[in-house]
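Chemist: Go by the hints and put chain B onto chain A.
The lines below spell out each chain.
Protein chains: 2
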Amino acid sequence: MKIGILGTGIVGQTIGSKLIHLGNDVMLGSRMPNNEKAIEWTKQNGSKASHGTFAQAAAFGNILFNCTSGAVSLDALNLAGKENLNGKILIDVANPLDFSKGMPPSLTVCNTDSLGEQIQKSFPEVKVVKALNTMNCKLMVDPSALDEDHDVFMCGNNSEAKSEVAAMLKEWFGWKTVIDLGDITAARGTEMILPLWLRLMGVLQTPNFNFKIVR
Amino acid sequence: MKIGILGTGIVGQTIGSKLIHLGNDVMLGSRMPNNEKAIEWTKQNGSKASHGTFAQAAAFGNILFNCTSGAVSLDALNLAGKENLNGKILIDVANPLDFSKGMPPSLTVCNTDSLGEQIQKSFPEVKVVKALNTMNCKLMVDPSALDEDHDVFMCGNNSEAKSEVAAMLKEWFGWKTVIDLGDITAARGTEMILPLWLRLMGVLQTPNFNFKIVR
Numbered sequence: 001m002k003i004g005i006l007g008t009g010i011v012g013q014t015i016g017s018k019l020i021h022l023g024n025d026v027m028l029g030s031r032m033p034n035n036e037k038a039i040e041w042t043k044q045n046g047s048k049a050s051h052g053t054f055a056q057a058a059a060f061g062n063i064l065f066n067c068t069s070g071a072v073s074l075d076a077l078n079l080a081g082k083e084n085l086n087g088k089i090l091i092d093v094a095n096p097l098d099f100s101k102g103m104p105p106s107l108t109v110c111n112t113d114s115l116g117e118q119i120q121k122s123f124p125e126v127k128v129v130k131a132l133n134t135m136n137c138k139l140m141v142d143p144s145a146l147d148e149d150h151d152v153f154m155c156g157n158n159s160e161a162k163s164e165v166a167a168m169l170k171e172w173f174g175w176k177t178v179i180d181l182g183d184i185t186a187a188r189g190t191e192m193i194l195p196l197w198l199r200l201m202g203v204l205q206t207p208n209f210n211f212k213i214v215r
Numbered sequence: 001m002k003i004g005i006l007g008t009g010i011v012g013q014t015i016g017s018k019l020i021h022l023g024n025d026v027m028l029g030s031r032m033p034n035n036e037k038a039i040e041w042t043k044q045n046g047s048k049a050s051h052g053t054f055a056q057a058a059a060f061g062n063i064l065f066n067c068t069s070g071a072v073s074l075d076a077l078n079l080a081g082k083e084n085l086n087g088k089i090l091i092d093v094a095n096p097l098d099f100s101k102g103m104p105p106s107l108t109v110c111n112t113d114s115l116g117e118q119i120q121k122s123f124p125e126v127k128v129v130k131a132l133n134t135m136n137c138k139l140m141v142d143p144s145a146l147d148e149d150h151d152v153f154m155c156g157n158n159s160e161a162k163s164e165v166a167a168m169l170k171e172w173f174g175w176k177t178v179i180d181l182g183d184i185t186a187a188r189g190t191e192m193i194l195p196l197w198l199r200l201m202g203v204l205q206t207p208n209f210n211f212k213i214v215r
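If you're matching them up, the sequences are chains A and B in order. Using our numbering, you'd call the opening residue of the first sequence number 1 and step up by one each time. Using our numbering, you'd call the opening residue of the second sequence number 1 and step up by one each time.
In isolation and in its complexed conformation, chain A is listed as follows:
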């Protein structure tokens, strides 16, 4: 499969490398075509890896991941362009963290709105599925790194898109439990656990943990 990843940070790189390892073709997209991180990542990941602008990566992928910083996600998607995004599944992994006021970050949007909703509203013809934004990127692509099962949350307005994403999360990354929280407004809930996640990372002194819903 051809996959476009918007964002060249550790999240985009980690997901991209895993998807290449699984046999997919992946293009990392960034603001500038000569992004150094993207060039280096492409070198390290062989012939199935490529990089380009946000628009090029969006045009390349049949499935897209938003791995940009939440504060600039809408900018990045505008640069990617509706003509390259419309009709496609966009797995939104971003969190609207605001680091401008120091640590710990707050959220740029929450409570009565969310980044996931803002993206869906700005791009109504994109099938936005919010997922994977509640754990470290190593666990996103390798949940078995923890000894015990744990959960990934998913939400979005398009049921078929969610079914596809759930199947991909299981097949690609090995997730056992994908909890469908309903429509995209549930992104408020998953984005709003970031403050707790950040506290836990500090207390546990590791990012290698995740939430499990015990029932």
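Don't take each hint at face value.
Same chains, same names: a pair is fine if it fits in one copy or spans any two.
List time: in silico BS3-like cross-link candidates among lysine-lysine, alpha-carbon distance up to 25 angstroms [said to hold, decoys possible]:
no., residue 1, residue 2
1, K2, K138
2, K212, K176
3, K170, K121
4, K170, K212
5, K101, K121
6, K88, K48
7, K138, K43
8, K212, K138
By construction, these hints were calculated from the structure, which means they are not laboratory data.
Modeler: Just chain B now, with coordinates in the frame of chain A:
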């Protein structure tokens, strides 16, 4: 031990009944001394149960629980009075849910502030410990109702108070893992998982679930 519980809803009643069952004396406090729910609860819980105003319940308890609705917690605590609260541990179970705009509720405060912080700021001589606000009240007092272990979060500025509360949560209710998230600003994190909790309750069709941090 003598325990004062502010609030006569299902949370206060459930915690109160459990504490009486464990041999403590419990007074439920409410705005009006003739609160019908409190009168009925007192009848059902025998000689160790009593009820009164917020001020009476606060004066009665050596340890206090805030089980009022988050939107009115500061009012209730003002009615309880600093003279009855100061120097005591107040376990803050409340969540600042705003039902005024319909379902699902939003939060009256979040992101850069929290109810826990507002209470601590308004009552600097009270040892506020935020705890138990992230699960259904049946699980608060009986975590073993789920087959698998799960977690309760705790935060507050006073380390000794937190040690006492952690010991009580274990001894009284049977909690195995009490995760200390640090100072009271961590209340932002635990209060902000309510939107996710509410979504999960809808999806799972039960309030009988809780978070476990898998590491």
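Chemist: Please go over all the hints and tell whether each is borne out by the structure.
Modeler: Status of each hint after checking the structure:
When the C-alpha separation of K2 and K138 is checked against a cutoff of 25 angstroms, the pair qualifies only within one copy, where the shortest distance is 21 angstroms, while the shortest distance between copies is 49 angstroms. In the homo-oligomer, the alpha carbons of K212 and K176 lie at most 25 angstroms apart both inside one protomer (11 angstroms) and across protomers (16 angstroms), since each shortest distance falls under that limit. Taking identical chains as interchangeable, the C-alpha atoms of K170 and K121 are never at most 25 angstroms apart, the minima being 28 angstroms within one chain and 46 angstroms between chains. Proximity of K170 and K212 under a CA criterion of 25 angstroms is satisfied in both settings, with 16 angstroms inside one chain copy and 21 angstroms between copies.
Proximity of K101 to K121 under the C-alpha cut-off of 25 angstroms is restricted to the inter-copy arrangement: shortest distance 21 angstroms between copies versus 27 angstroms within a copy. Only within a single protomer do K88 and K48 lie at most 25 angstroms apart by alpha-carbon distance; the minimum there is 21 angstroms, versus 63 angstroms between protomers. In this homomeric assembly, K138 and K43 come within 25 angstroms of each other (Cα to Cα) only inside a single copy, at 21 angstroms, whereas the closest approach across copies is 55 angstroms. Both within a single protomer and between protomers do K212 and K138 lie at most 25 angstroms apart by alpha-carbon distance, with minima of 17 angstroms and 19 angstroms respectively.
Checked against the numbered hints given earlier, this structure breaks only hint 3.
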